[in-house]
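Take the given structure of chain Y and dock chain H to it, following the hints.
Just so you know, the protein sequences line up as chains Y and H, in that order. Residue numbering for the first sequence follows the working numbering, beginning at 1 and increasing consecutively. Residue numbering for the second sequence follows the working numbering, beginning at 1 and increasing consecutively.
A hint or two may mislead.
[Unchecked claim] Calculated lysine to any residue pairs in the SDA-like style (CA-CA distance at most 20 Å, straight line):
no., chain 1, residue 1, chain 2, residue 2
1, Y, K304, H, P113
2, H, K270, Y, N150
3, Y, K304, H, I115
4, H, K285, Y, I111
5, H, K270, Y, A216
6, H, K285, Y, P116
7, Y, K290, H, M111
8, Y, K304, H, N287
9, Y, K346, H, P85
10, Y, K290, H, K285
11, Y, K304, H, M111
12, H, K29, H, R195
13, Y, K290, H, T117
14, Y, K304, H, D118
15, H, K285, Y, A216
16, H, K285, Y, V112
17, Y, K304, Y, L293
18, H, K270, Y, E144
19, Y, K304, Y, Q248
20, Y, K346, H, T117
21, Y, K304, H, K270
Bear in mind the hints are in silico, worked out from the structure with no lab data behind them.
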Amino acid sequence: MRFIFKTDYTQDIKLAKHGGHVFWYSVLAAFLLAAPWLLTEYSLAQLNLVLIYAVAGLGLMLLAGFTGQFSLGHAAFLGVGAYTQAYLTGVGLPFFLSLGVSGFLSALIGIVVGLPALRLKGIYLGMATLSFGFIIEEVFARWESVTGGNAGKSVAAIKLLGYDLGSGAGFYFVCLLVTVVCTLGILNLLRAPTGRAFVAIRDSEISAQSMGIHLAYYKTLSFSISAALAGMAGALYAHNLRFISPDQFNLMQSIDLLLMIVIGGLGSIHGVFLGAIFLIILPQGISAVKEFLPEFIGQAPGLKSVIYGAMLIAFVLFEPMGLYGRWLKVRTYLQMFPFYRKGMFKRQKSFQKSDRLK
Amino acid sequence: MQFLQLLISGVAQGCIYGLIALGFVLIYKATETVSFAQGELMMLGAFGGLVGMTMLGFPYWVAVPSAIVAMAVFGILLERVVIRPILGQPAFSIVMLTIGIGYVARGLITMIPGIGTDTNALSVPYKDEILKFGGNEMGIGALVLNVEHLVIIGATGILCALLFTLFRYSKLGIAMQAASQNQLAAYYMGIPVQRLNGLAWGLAAAVAAIAGILLAPITFVHANMGFIGLKAFPAAVVGGFGSLPGAIVGGLVIGLVESFAGFYLPDGFKDTAAYVVVLVMLMVKPNGLFGEKLRKKV
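Just chain Y, with the same shape it has in the complex:
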């Protein structure tokens, strides 16, 4: 077992709590930096996707996992970012400038959509974002002069200071840079007063309000940061695929994003990355086992959705804390061996009282 002897208050908010963290994250960083030389081209492309989804997931995690609001239309922000990026780089703006604009525009649209709904409770934000998702998908399909309509739009490769960063290691490092910056930014935000306010809102709106937290302001802030991250992820997504069309940003994509953070583990930054890895690996796992199944199951078009749905149900029922929660349990078991008790991670059930008739 490890005991941390605290001698200073700043130890409580340090990102790396002890030597073990420093060591393992250094190993991870070294691996990520060396990845282009260690992995095959295909694995590197998959890693790119993981990083891109992780950026979008960070935003959604901030909103759903840390502020307790949920959005059913996050793919729309992904799409806004992607199309903005495609348009601006097409016009000839430099990459990082247009990345910033994509994020900013998404955040702005997020505020416009979220503002009315955020003054209300839970489910209404879901409804507003769901509606917004459908509307924006239609806009992508109809606004042909900018988006290319249903035929899709091809995206130029990234050019930075004369270097072509369109593919391979160059693009990977761009993704890695954006992901690391976003992750550190979110981690930093969460240990600052703003992040604490978000968590307070998640845990109890009433107590947060009585502590002087302006609910509508902080909810809108959380929603706009979340939308901005999704927008930046969308910008990278556009460069990764090099071709975007409206149906890539439909409701299924939004639900994929939600699935990712729920399976990864709501309320943890690790969960975002675990969820992103899961989301990218799962389709490959499915196509690997497909051949061993009887034909009417293996060849059914709905196989993927059955597995997604079953995974989701299983996680919500048996492991509500997701993959990261499972890892925490394993780690605690190993650390405390043989003193682990069964009920250590038991969540207190809070029975929902009707908010309608109080």
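Okay, now just chain H, sitting in the frame of chain Y:
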């Protein structure tokens, strides 16, 4: 004539939205959870009717009630097996769970050999019948009514009357109202709240099955017909999420707006009109037309 035509098809479509929204509201009032699987329950109901008629060879009037009863039992089982264990966890978990149920239902249907991946027609007795009123002898300018639409409107009316009677006069309905108002107090009065929650799911599934069977002659029966449930959310929100009559009225509003937008506005507005209405509604009157006032007390 054009106007009347649009009005009637809008009302018929709105009745379907209303029936699905009714399912949302029933579940929401009983258990404070939002079910995203309602559209899929509707799809399963329609497939139930189809299987009854084609595979088991039932006549229409036997297949429909048996599909409805089967879906009610399915709803009760669903509540018992997957919903009840996680009651008390955050609402978000239940939303994700019902999304998962929807995915599984949609996928499993495609695995039924023969009918799963096809678009099937349900051979209802009133299929393709048309009533004509007025107009000249060439039939121009006549009011052409689709019997399918009239059946939907009629069935919805009857169902609403039945539900109203259930909730107003029967012991069961009053117990359900009590449980929805205050679960704890209902427990103290000896009302079996858990069993009522199960029944609410059963009722919602049965209503969804009815909607599915009514919709079947118009859109045909296929695995993705449940996506229409996504338009029932706007209906529920417009009506106010906790109100049963509101669900039907909201459904009618959405149906009519969609029908008129499809005709008078440019392309693309038909599919998004419902969502525009919701966004406007959330800005103007967030609790919906019939919603109760939301106020929080400590």
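Now for the hints, and whether the structure bears them out:
1. Y:K304 to H:P113: Holds, because 17 Å separates the two Cα atoms, which is no more than 20 Å.
2. H:K270 to Y:N150: holds, 17 Å
3. Y:K304 to H:I115: Since the Cα atoms of K304 of chain Y and I115 of chain H sit roughly 19 Å apart, the hinted pair holds (cutoff 20 Å).
4. H:K285 to Y:I111: With a Cα-Cα distance of about 19 Å, the restraint between K285 of chain H and I111 of chain Y holds, given a limit of 20 Å.
5. H:K270 to Y:A216: Judged against 20 Å, a Cα distance of about 32 Å means the pair is violated.
6. H:K285 to Y:P116: holds, 10 Å
7. Y:K290 to H:M111: holds, 14 Å
8. Y:K304 to H:N287: This hinted pair is violated, its Cα atoms lying about 37 Å apart.
9. Y:K346 to H:P85: Given pair K346 of chain Y, P85 of chain H holds - Cα atoms ~14 Å apart, limit 20 Å.
10. Y:K290 to H:K285: violated, 50 Å
11. Y:K304 to H:M111: OK: K304 of chain Y and M111 of chain H at ~11 Å, within 20 Å.
12. H:K29 to H:R195: Status holds; Cα separation ~15 Å.
13. Y:K290 to H:T117: holds, 18 Å
14. Y:K304 to H:D118: Distance ~18 Å between K304 of chain Y and D118 of chain H Cα, so the pair holds.
15. H:K285 to Y:A216: holds, 17 Å
16. H:K285 to Y:V112: Holds, because 17 Å separates the two Cα atoms, which is no more than 20 Å.
17. Y:K304 to Y:L293: holds, 13 Å
18. H:K270 to Y:E144: holds, 18 Å
19. Y:K304 to Y:Q248: Holds, because 17 Å separates the two Cα atoms, which is no more than 20 Å.
20. Y:K346 to H:T117: violated, 43 Å
21. Y:K304 to H:K270: violated, 30 Å
When the structure is compared with the earlier hints, violations turn up for hints 5, 8, 10, 20 and 21 and for no others.
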